[in-house]
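Engineer: Can you make the complete structure from the sequences, with help from the hints?
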Amino acid sequence: MNIEPEKNHVGADTSSFVQDAVARHQTPLLHYAARLLGGDVDRARDVVQDTFVRLMAQPPERINGHLAEWLFTVCRNRSHDVLRKEGRMRRFEEGQAERLTAADPRPGRTMERNEQHEAVLRLIGRLPHNQQEVVRLKFQNGFSYQEISRITSLSVTNVGFILHTALKSLRQQMTAQPD
Amino acid sequence: MAQHTILPDDPRLTAYALGEMEAVERAEFETQLQHDPVARQAVAEIRATVESLTGALANEPLPEPASRSLGNAAIIPGRDPRRLDGGLASPDGILGKKISFPQFYYLVAGLAAACFAVFFAYWDQHRPLHEVKKYVEMPQGEVKHREEVGSIAMNLPVAESAVLDGYESSSPTSATGNTETYAFHRDSDFQKPSDNPLSTFSGDVDTASYSNVRRFIMSGKRPPVDAVRIEELVNYFPYGYAAPRTEAANGVELPVDSQRAPFAAHLEVASAPWAPEHRLVRIGLKGREVSEATRPAANLVFLLDVSGSMNEPKKLPLLKQSLRLLVDRLRSDDRVAIAVYAGASGLALPSTPASHKAEILEAIDRLEASGSTNGAMGIQLAYDIAKANFVQGGVNRVILATDGDFNVGPSSEGELVRLIEEKAKSGVFLSVLGFGTGNIKDATMEQLADKGNGNYAYIDSLAEARKTLVEQAGGTLVTIAKDVKLQVEFNPALVQAYRLIGYENRLLAKEDFNNDKVDAGEIGAGHTVTALYEIVRVGEKMSETPGVDPLKYQTTKAVALADGEGPASKELLTVKIRYKEPAGDVSSSLEFPLFDRGVRFADATPDFKFASAVAAFGMVLRDSPHKGTSTLDDVEAWGRAGLGSDAGGYRSEFLGLVERSRSLLQ
Chain A
0 MNIEPEKNHV
10 GADTSSFVQD
20 AVARHQTPLL
30 HYAARLLGGD
40 VDRARDVVQD
50 TFVRLMAQPP
60 ERINGHLAEW
70 LFTVCRNRSH
80 DVLRKEGRMR
90 RFEEGQAERL
100 TAADPRPGRT
110 MERNEQHEAV
120 LRLIGRLPHN
130 QQEVVRLKFQ
140 NGFSYQEISR
150 ITSLSVTNVG
160 FILHTALKSL
170 RQQMTAQPD
Chain U
0 MAQHTILPDD
10 PRLTAYALGE
20 MEAVERAEFE
30 TQLQHDPVAR
40 QAVAEIRATV
50 ESLTGALANE
60 PLPEPASRSL
70 GNAAIIPGRD
80 PRRLDGGLAS
90 PDGILGKKIS
100 FPQFYYLVAG
110 LAAACFAVFF
120 AYWDQHRPLH
130 EVKKYVEMPQ
140 GEVKHREEVG
150 SIAMNLPVAE
160 SAVLDGYESS
170 SPTSATGNTE
180 TYAFHRDSDF
190 QKPSDNPLST
200 FSGDVDTASY
210 SNVRRFIMSG
220 KRPPVDAVRI
230 EELVNYFPYG
240 YAAPRTEAAN
250 GVELPVDSQR
260 APFAAHLEVA
270 SAPWAPEHRL
280 VRIGLKGREV
290 SEATRPAANL
300 VFLLDVSGSM
310 NEPKKLPLLK
320 QSLRLLVDRL
330 RSDDRVAIAV
340 YAGASGLALP
350 STPASHKAEI
360 LEAIDRLEAS
370 GSTNGAMGIQ
380 LAYDIAKANF
390 VQGGVNRVIL
400 ATDGDFNVGP
410 SSEGELVRLI
420 EEKAKSGVFL
430 SVLGFGTGNI
440 KDATMEQLAD
450 KGNGNYAYID
460 SLAEARKTLV
470 EQAGGTLVTI
480 AKDVKLQVEF
490 NPALVQAYRL
500 IGYENRLLAK
510 EDFNNDKVDA
520 GEIGAGHTVT
530 ALYEIVRVGE
540 KMSETPGVDP
550 LKYQTTKAVA
560 LADGEGPASK
570 ELLTVKIRYK
580 EPAGDVSSSL
590 EFPLFDRGVR
600 FADATPDFKF
610 ASAVAAFGMV
620 LRDSPHKGTS
630 TLDDVEAWGR
640 AGLGSDAGGY
650 RSEFLGLVER
660 SRSLLQ
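Same order as they appear, the protein sequences are chains A and U. Numbering that gives the first Met the number 0 puts the first sequence at residues 0 to 178. Numbering that gives the first Met the number 0 puts the second sequence at residues 0 to 665.
Keep in mind the hints are simulated off the structure, nothing from the lab. Here the structure is a predicted model, which is why all the values come from computation and not from measurement. Warning: the hint list may mix true and false statements.
Claimed, not checked - Here are some, though not all, of the chain U residues that point toward chain A, as calculated from beta-carbon distances under 8 angstroms:
no. : residue
1   : VAL23
2   : THR30
3   : LEU52
4   : GLY54
5   : GLU59
6   : MET376
7   : GLU580
From the three backbone atoms N, C-alpha and C, an ideal C-beta is built for every residue, glycine too.
Structural biologist: Below is the structure:
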């Protein structure tokens, strides 16, 4: 008599844990995955779904406390898998990513005030990929240096360096624009 | 000659600007900064850049498919999530190691794929065709985009899975249902000083419970028992305790070191009105006053809940009016930023000097309610802005206004609390303003304020907003002491039993008193804290027996003390107070002994009588076993006797409330 209610209880617990996670994180994760996958929203959706399926296999108590970090890490690894399988990714040697600069020319000098956000986003889009990722994790997803370090497996020092470099070049380009 | 010790390429500039430095390193770096105007300029520029980045990224649309540049997508392989540990392991030294994906992945992937296939089969049957397109057709316009992002239906299989059934019946709360939640509290019982000579609790000036109780009574409902927190009722009212540096009342001598203390203590004892054979002890603390003109400059970040649930007259519109009141009070050297959170969080107003009042008011006017509530993202953002504009020695405060229903956010309630706790270490204080009815998560908000070194007030009317944000702006904004703990030691020679009235969820273990790592309440400028103890003297017959049998092997040393001539033997009790300076990590301690001169209730001060009346009202509302003979008539008579000068008319309002509650307590 007391077997069934117990079973239901466990099921409901896990389900609401995953359900909450989905409600909270699906949009940020979709954005993140879509960036990693070069704008392929369909594939990003698959990766995010896969991430949540993996979440279901996890006991909630193991992930509680760093759920966002766990999801972003798994999502990142899954995106990596997809790219690798399809041979679309070039492996970066250590340090190479930081030295890369965007090939695109500097943006034009005409910028309307009301287009400022768009302009800032354009500037971000011209940063090297690793800088873009860290900038977004920090200023869009609100992760700390420590958390970004654990998601990307870069060292904390490295995260700080990448962010500093990105902000410096953004700052220079933004002040180069007429206000 | 300017000496450039910090090079422009130094990543510490960014880490400092973002508040990512440990305290020690930060202090060191700040010393260097003082001698380096170029670096200071760089820090300011970085912060400006971060603000526009945060604003722009908050509304970023999904990326366009970049057909030609797929080959550029570059990811350095990530880490095994099984080793994610919330920060325990050192994250360094991972880059550069060749990382291969562990077999774990293939195993899980296989299992997951199997589950996935099952789900998909099920899901696909039930998925209307047009929903598929939803994912792809993202609106291009930025403003529109933001509203719709919140509603992208991922339609994950979990939501419909037959495996997880039971979820639908347990799914939370319809939009119309009342989902207010309150944590359970049991009334404190009498304790014997021979068993527990020490009573320890956290000093607290939250007042939210009173305005909440008032809302219930005014709308003709009896407040739920656990919404009545007696200490918050008592502390809602201003009491006329003298500020520090003046003569203490009632013959209590101030110790010498209290001359520098940020608050004064005022003890009083008389008979308990609801049980005249018992004694009632009032402990009153009064914080140092800080005038509007002399308070330090403020760096305020409003963090406003603009989710759909706030779209009610008593919520967002009232919030806007309240903010206007506060902005009117600010000085020109203060700064204000407004961060909002709904489905996505964003910056509605970058940190702006209060001299640009028009800009601030305009930003307030523009606020609109929509979407669900992602509390944690907003909190993260607000603290980042607060840290970026940190005023050394000033008022640095995040003011969170919400109905408390954090239904979307990268966190469970526990995680949210953890986040706030972490953020509180940065020296930024928190005020929580609760709004509205219907889904107040009272316990969540109180807990956030407590963990975030802050205060919590419930705003149900413009008058309440004026009390909290204008009349008591000093106290709401300027914290003069933090982690204030009180410990009372009772003299077993005179005290047979004692009971702390209220503060049930503020009790601390006696060891916590001297442990500076244990968080406790904050006191704002000019605030008063009032605590009441009911005491049964030795020789008095006790009408109720405390829960534990008399101890067999313990002897009361204190009896010997009373027989002897020791100076302490005539003391009823001693109040010990520990506190920290707002920026300090080490606590100071004060001690105040109390003698009982047998004063009757009728001869007590008006403040004493009024506080007793409020406590009795709380006990009646809670139907407490300790309410004694109290009736609403008594409460009204005692309250009237304690009316005093009634500055602000709050005490008269209380009497009106007692009157209104008569019909509810039949």
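Engineer: Compare the structure with the hints numbered earlier in the document and write down the numbers of the violated ones, lowest to highest.
Structural biologist: 1, 2 and 7
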